[in-house]
Amino acid sequence: MKTNVLMVCLGNICRSPLAEGILKSKTDPKKIYVDSAGTGDYHIDDLPDPRSIAIAKKHKLDITSQKGRQFSVQDFDRFHHIYVMDTFNYADVIALARDEDDKKKVKLILDEIFPGENVDVPDPYQGLADGFKNVFEMLDDACEIIAKKLKETHPHK
Numbered sequence: 001m002k003t004n005v006l007m008v009c010l011g012n013i014c015r016s017p018l019a020e021g022i023l024k025s026k027t028d029p030k031k032i033y034v035d036s037a038g039t040g041d042y043h044i045d046d047l048p049d050p051r052s053i054a055i056a057k058k059h060k061l062d063i064t065s066q067k068g069r070q071f072s073v074q075d076f077d078r079f080h081h082i083y084v085m086d087t088f089n090y091a092d093v094i095a096l097a098r099d100e101d102d103k104k105k106v107k108l109i110l111d112e113i114f115p116g117e118n119v120d121v122p123d124p125y126q127g128l129a130d131g132f133k134n135v136f137e138m139l140d141d142a143c144e145i146i147a148k149k150l151k152e153t154h155p156h157k
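Numbering (the UniProt record's numbering), first residue to last: 1 to 157.
Since the hints were made in silico from the structure, they are not lab data.
Given the structure is predicted, the values throughout are model-derived calculations rather than measurements.
Errors might be hidden in some of the hints.
[As the list claims (entries may be wrong)] Cross-link-like lysine-lysine pairs, in silico, BS3-like; alpha carbons within 27 Å at most:
1) Lys103 <-> Lys60
2) Lys148 <-> Lys58
3) Lys107 <-> Lys151
4) Lys149 <-> Lys107
5) Lys57 <-> Lys148
6) Lys24 <-> Lys67
7) Lys31 <-> Lys60
8) Lys103 <-> Lys151
9) Lys151 <-> Lys105
10) Lys67 <-> Lys57
Throw the hints in and build the complete structure from the sequences for me.
What follows is the structure in structure tokens.
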């Protein structure tokens with residue numbers, strides 16, 4: 001059985017598409033399924049932000065097949081792990097949780113690097129181009145840890 005991992009940010013065009021692409025590059029697609037979504041409905045069916053595409057391409061990752069979609073309650077049924085980019089996304093996803101089992105699946109992605117510190121991945125959308133570089137590096141570090149953990153564990157329902 002595959003382990004399903006979902007990356008979540010606000011619009012699903014900057015941070016979560018990068019996290020999806022990075023984790024896919026570090027895991028076996030036969031064992032791990034990775035997707036992304038946004039808590040907002042602003043960019044449904046849109047491609048990732050051109051700046052996310054560019055920084056991914058610089059690292060030999062192609063995220064141009066991704067399309068924005070909105071997080072839904074059904075994602076709790078489809079995914080074993082749900083990584084959110086910041087505390088606002090966390091609150092939005094937790095608000096949709098139906099029970100404790102749903103809530104246990106949700107985690108801030110940078111808790112992998114800074115356990116318990118509730119560090120946000122900054123949203124680079126309004127910022128300068130180097131914001132995307134910094135976000136890529138943070139997500140790359142976090143996804144390295146996630147990939148290692150996924151290789152060591154087995155999926156559970």
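Quick rundown of the hints versus the structure:
1. Lys103 <-> Lys60: Violated: lysine 103 and lysine 60 sit about 34 Å apart, past 27 Å.
2. Lys148 <-> Lys58: 23 Å, holds
3. Lys107 <-> Lys151: Given that 27 Å is the threshold and the Cα spacing comes to 18 Å, the pair holds.
4. Lys149 <-> Lys107: Distance ~14 Å between lysine 149 and lysine 107 Cα, so the pair holds.
5. Lys57 <-> Lys148: Holds: lysine 57 and lysine 148 sit about 23 Å apart, inside 27 Å.
6. Lys24 <-> Lys67: 15 Å, holds
7. Lys31 <-> Lys60: 22 Å, holds
8. Lys103 <-> Lys151: Given pair lysine 103, lysine 151 holds - Cα atoms ~23 Å apart, limit 27 Å.
9. Lys151 <-> Lys105: 18 Å, holds
10. Lys67 <-> Lys57: It holds: about 17 Å lies between the C-alpha atoms, which stays within 27 Å.
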